[in-house]
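Student: These are the residues of each chain, in order.
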Amino acid sequence: MDAALRLGAADEAIAVLRETTPFGDASEALLARIAGIARRARYAAGARLYDADGAADDIFVVVSGRAEHVFKPEVGAREALRRVTRGGVFGWAGLLLGQTQRLATVTAIEPTEVLRIDTEALVGLLESEPLEGGHVMERFATMIQREFTLPALLAQVRRLSGPLTEEMSSLSLTLYRLSLWLRSPRPYLMLVGFALFLGFWYLAVEVWKLPRFREMPGLTTVVREWLSPSPTYGLSLYIAEYYQHIAMSVWRVAQAFFLATVLGVPVGLLLGWSRTFKEYVFPVFETLRPIPILAWVPLAIVMFIATESAVVYLAFLASFFATALNTMLGVESIDESYVRAANCLGADRWQVFRHVITPGALPFIFTGLQISIGVSWFSLVAAEMVSGQYGLGYVIWTSYVMVRYPTIVIGMVTLGIVGYVTSALVRIAGDYLMEWRVRELALAER
Amino acid sequence: MTRGHIVIDDVVKVYDPQGAAVMAVDHCSLEIEPGEICMIVGPSGCGKTTLLNAIAGFHEITSGRIVMDGEVLCSPEKPRSTPGPDRIVVFQNGALFPWKTNLDNVIFGPVMQGKLARKEALDKGRAMLADAGLSGVEHNYPGEVSSGMRRRVEIVRALMNDPKALLLDEPYRALDSLTKSVMHEALLEIYYKNKVTIFFITHDLEEAIFLGHRVAIMTTRPCKPKKILNVDIPHPRDYSALTSKRFRELIEETNDAVHEEAWKAFQAGEKEGR
Numbered sequence: 001m002d003a004a005l006r007l008g009a010a011d012e013a014i015a016v017l018r019e020t021t022p023f024g025d026a027s028e029a030l031l032a033r034i035a036g037i038a039r040r041a042r043y044a045a046g047a048r049l050y051d052a053d054g055a056a057d058d059i060f061v062v063v064s065g066r067a068e069h070v071f072k073p074e075v076g077a078r079e080a081l082r083r084v085t086r087g088g089v090f091g092w093a094g095l096l097l098g099q100t101q102r103l104a105t106v107t108a109i110e111p112t113e114v115l116r117i118d119t120e121a122l123v124g125l126l127e128s129e130p131l132e133g134g135h136v137m138e139r140f141a142t143m144i145q146r147e148f149t150l151p152a153l154l155a156q157v158r159r160l161s162g163p164l165t166e167e168m169s170s171l172s173l174t175l176y177r178l179s180l181w182l183r184s185p186r187p188y189l190m191l192v193g194f195a196l197f198l199g200f201w202y203l204a205v206e207v208w209k210l211p212r213f214r215e216m217p218g219l220t221t222v223v224r225e226w227l228s229p230s231p232t233y234g235l236s237l238y239i240a241e242y243y244q245h246i247a248m249s250v251w252r253v254a255q256a257f258f259l260a261t262v263l264g265v266p267v268g269l270l271l272g273w274s275r276t277f278k279e280y281v282f283p284v285f286e287t288l289r290p291i292p293i294l295a296w297v298p299l300a301i302v303m304f305i306a307t308e309s310a311v312v313y314l315a316f317l318a319s320f321f322a323t324a325l326n327t328m329l330g331v332e333s334i335d336e337s338y339v340r341a342a343n344c345l346g347a348d349r350w351q352v353f354r355h356v357i358t359p360g361a362l363p364f365i366f367t368g369l370q371i372s373i374g375v376s377w378f379s380l381v382a383a384e385m386v387s388g389q390y391g392l393g394y395v396i397w398t399s400y401v402m403v404r405y406p407t408i409v410i411g412m413v414t415l416g417i418v419g420y421v422t423s424a425l426v427r428i429a430g431d432y433l434m435e436w437r438v439r440e441l442a443l444a445e446r
Numbered sequence: 001m002t003r004g005h006i007v008i009d010d011v012v013k014v015y016d017p018q019g020a021a022v023m024a025v026d027h028c029s030l031e032i033e034p035g036e037i038c039m040i041v042g043p044s045g046c047g048k049t050t051l052l053n054a055i056a057g058f059h060e061i062t063s064g065r066i067v068m069d070g071e072v073l074c075s076p077e078k079p080r081s082t083p084g085p086d087r088i089v090v091f092q093n094g095a096l097f098p099w100k101t102n103l104d105n106v107i108f109g110p111v112m113q114g115k116l117a118r119k120e121a122l123d124k125g126r127a128m129l130a131d132a133g134l135s136g137v138e139h140n141y142p143g144e145v146s147s148g149m150r151r152r153v154e155i156v157r158a159l160m161n162d163p164k165a166l167l168l169d170e171p172y173r174a175l176d177s178l179t180k181s182v183m184h185e186a187l188l189e190i191y192y193k194n195k196v197t198i199f200f201i202t203h204d205l206e207e208a209i210f211l212g213h214r215v216a217i218m219t220t221r222p223c224k225p226k227k228i229l230n231v232d233i234p235h236p237r238d239y240s241a242l243t244s245k246r247f248r249e250l251i252e253e254t255n256d257a258v259h260e261e262a263w264k265a266f267q268a269g270e271k272e273g274r
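Sequences listed follow chains A and B, in order.
Under the working numbering, the residues of the first sequence are numbered 1 to 446, in order.
Under the working numbering, the residues of the second sequence are numbered 1 to 274, in order.
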């Protein structure tokens with residue numbers, strides 16, 4: 001009876017810890033260990049939990065009731081007063097760098113029940129699980145800054161000592177985040193999605209043999225062909241030609257995308273920035289933009305004697321419009337205050353363009369580039385189908401003409417993968433260039 | 001001291017969107033003494049920001065003139081003044097560039113004007129941020145610090161240019177009252193060090209009386225001074241002024257005038273946030 005009661009209490013402690021910011025995504029095992037060192041305490045309404053400047057020994061997690069947490073003025077918190085309810089964590093001053101005293105005074109305003117966790121015991125425990133422990137400490141820092149509005153300078157948490165954390169490399173952190181992701185439901189939902197899709201394909205073609213899919217190559221046929229060292233239709237992972245096709249398409253898209261970016265971004269910036277330029281150019285732009293890329297094929301072939309340049313030109317064209325248009329929208333979306341502020345600070349027109357317009361439009365530019373790389377692939381394949389030798393579009397088309405149906409699907413799947421990789425590269429480049437935005441979004445998350 | 005003497009002389013601003021002329025500012029005259037904190041109080045949408053925009057050079061005026069330290073900023077011949085680092089605006093929603101770190105924001109003015117080399121500007125910027133108690137956020141982006149801190153960084157960015165006047169357009173409007181009170185004291189502290197003319201727009205009467213040497217209560221659309229109040233509470237002030245008897249008296253003296261304009265604005269269908 002008594003043991004069962006205690007067991008229930010531990011479960012409840014874990015449940016509360018799970019509702020807190022710092023321990024919210026810790027593993028069950030870690031939570032159980034933390035619950036093991038937590039002590040329960042009750043306070044009547046009006047009772048003082050601790051005073052500012054006292055020794056920062058225990059960390060408090062509210063189980064029920066309500067407490068009022070008031071920083072001493074020197075701390076410089078944006079909001080000095082905070083009411084803490086279930087799942088709230090305070091008394092964390094001992095986790096801060098160079099801090100041994102309480103920063104606030106806490107009073108229960110209702111009958112309040114808390115878990116008390118000894119700071120040093122907790123730190124020891126976290127040090128024994130360096131990767132997860134480091135993550136918990138990071139979450140503490142986030143909570144202290146965001147929920148308790150403490151200046152970033154003060155909200156620096158201690159570094160856990162221990163063999164691993166001394167040199168906690170970004171690789172191990174990445175790996176840890178990966179393991180967190182694997183523990184969340186997201187990857188499994190993704191797998192279920194794929195499984196349903198592939199399962200339907202398999203059943204429809206090979207088991208139910210639906211009339212609509214009579215000519216469709218089945219899942220197993222495609223996979224077998226793709227992985228075969230001597231493929232029936234001549235194209236698989238083991239054949240050099242397969243990679244030549246990929247390389248050719250990637251090279252064409254790279255040229256088209258590069259040209260579209262180099263020309264499209266400046267044109268878009270000018271369109272957004274100069275009213276006169278927009279009045280000259282935009283009507284022409286808006287007339288040409290909706291013309292489908294396929295409609296350009298004959299003209300492209302006439303214009304460019306070499307088929308190669310015709311194909312690149314077509315891929316370029318679509319991407320250019322996407323980039324230029326998004327860049328223009330980006331410039332137009334910039335808050336007028338930024339331009340005015342720059343004017344006040346003595347920036348001339350060119351400086352405004354360079355220091356305000358261009359960086360301000362960057363988020364839109366990168367959205368444009370993501371779209372641009374997508375449509376670049378789209379029109380490339382269309383162009384390769386009509387003219388050209390080599391390339392994934394060419395593979396798909398000739399396989400159709402020559403009745404090699406499994407190869408069509410291999411070409412399509414390859415396109416999907418390569419296209420995804422290129423657009424991920426664009427996204428990574430964007431994150432790298434817009435650190436400010438990444439940080440802002442990271443704070444806005446949660 | 002003769003810097004930052006602003007004379008607003010019979011200024012009229014008529015908006016004429018589709019032939020339906022709307023008078024935003026009506027023959028408004030107001031003189032702001034050098035080094036004075038002049039508070040402009042009126043309900044939202046009363047036209048007070050139009051006045052600020054005319055001084056800053058964001059809008060043209062229809063008639064009248066604005067003169068600063070003998071230099072005509074705008075007049076019928078030149079209806080729009082040129083924005084410049086002698087009059088710097090601190091915007092309602094803040095206009096620190098989110099893509100520059102706080103320190104890079106602060107040095108923007110002198111570097112753009114070519115007044116300081118980047119290195120010297122960095123030194124000065126660090127010193128001024130430290131002076132305002134903001135050293136810790138030098139390398140953060142504005143999006144990473146609290147809104148109160150952003151406002152302080154923005155004021156430091158303005159002061160880096162040694163302006164004659166600061167034009168503040170309801171800068172603390174979006175802040176919670178606790179942060180606001182801290183910001184008021186921080187602003188006064190900066191003011192006591194720099195003694196720059198401050199033209200401060202607000203709809204908050206308590207804020208106006210707490211900060212200002214004079215408070216101009218404006219009529220609502222068209223906008224012109226209805227009543228000018230001399231705040232005879234001595235500077236330097238701190239938060240104890242808020243509870244002083246004189247402060248309460250001054251509020252009582254002006255509350256009716258402000259309330260009446262707010263009513264008019266309300267009846268005219270003007271909504272908060274315009």
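Everything labelled a hint here was simulated from the structure, so no lab data went into it.
Check before you lean on any hint, since a few could be wrong.
[As the list claims (entries may be wrong)] Just the calculated beta-carbon pair ranges, DEER-fashion:
#1 Asp162/B <-> Thr287/A: 47 to 53 angstroms
#2 Met23/B <-> Pro292/A: 48 to 54 angstroms
#3 Arg146/A <-> Tyr239/B: 26 to 32 angstroms
#4 Lys124/B <-> Lys278/A: 38 to 44 angstroms
#5 Thr276/A <-> Asp162/B: 31 to 37 angstroms
[To be verified] Cross-link-like lysine to aspartate or glutamate pairs, in silico, EDC-like; alpha carbons within 16 angstroms at most:
#6 Lys193/B <-> Asp131/B
#7 Lys115/B <-> Glu79/A
#8 Lys100/B <-> Glu19/A
#9 Lys264/B <-> Glu249/B
#10 Lys180/B <-> Asp238/B
#11 Lys180/B <-> Asp204/B
#12 Lys100/B <-> Glu435/A
#13 Lys180/B <-> Glu79/A
Glycine included, each C-beta is placed from N, C-alpha and C at the ideal position.
Student: Now tell me, hint by hint, if it's right for this structure.
Tutor: How the hints compare with the structure:
1. Separation of Asp162/B from Thr287/A is about 52 angstroms and conforms to the stated range, judged on CB atoms against 47 to 53 angstroms.
2. At about 52 angstroms, the CB distance of Met23/B to Pro292/A agrees with the hint of 48 to 54 angstroms.
3. Between Arg146/A and Tyr239/B the C-beta distance comes to about 27 angstroms, which sits within the given range of 26 to 32 angstroms.
4. A hinted range of 38 to 44 angstroms holds for the C-beta pair Lys124/B and Lys278/A, which are about 39 angstroms apart.
5. Here the CB-CB span from Thr276/A to Asp162/B is close to 36 angstroms, well matched to the stated 31 to 37 angstroms.
6. Restraint check for Lys193/B and Asp131/B: satisfied, since their Cα atoms lie roughly 10 angstroms apart, inside the 16 angstroms limit.
7. Distance check on the hinted pair: Lys115/B and Glu79/A sit about 38 angstroms apart at the alpha-carbon level, beyond 16 angstroms; violated.
8. A distance of roughly 36 angstroms separates the Cα atoms of Lys100/B and Glu19/A; the hinted pair therefore is violated under the 16 angstroms criterion.
9. Under the criterion of a C-alpha separation no larger than 16 angstroms, the hint pairing Lys264/B with Glu249/B is inconsistent with the structure, at around 24 angstroms.
10. Only pairs whose Cα atoms come within 16 angstroms are accepted, and Lys180/B paired with Asp238/B is accepted, the gap being roughly 13 angstroms.
11. Annotation: proposed proximity of Lys180/B to Asp204/B holds, straight-line Cα distance about 11 angstroms (limit 16 angstroms).
12. For the hint pairing Lys100/B with Glu435/A, the CA-to-CA distance comes to about 10 angstroms; that is within 16 angstroms, so the pair holds.
13. Taking the CA atoms of Lys180/B and Glu79/A, the gap is near 11 angstroms; set against the 16 angstroms cutoff, the hint holds.
The structure is inconsistent with the numbered hints 7, 8 and 9, although it conforms to all the rest.
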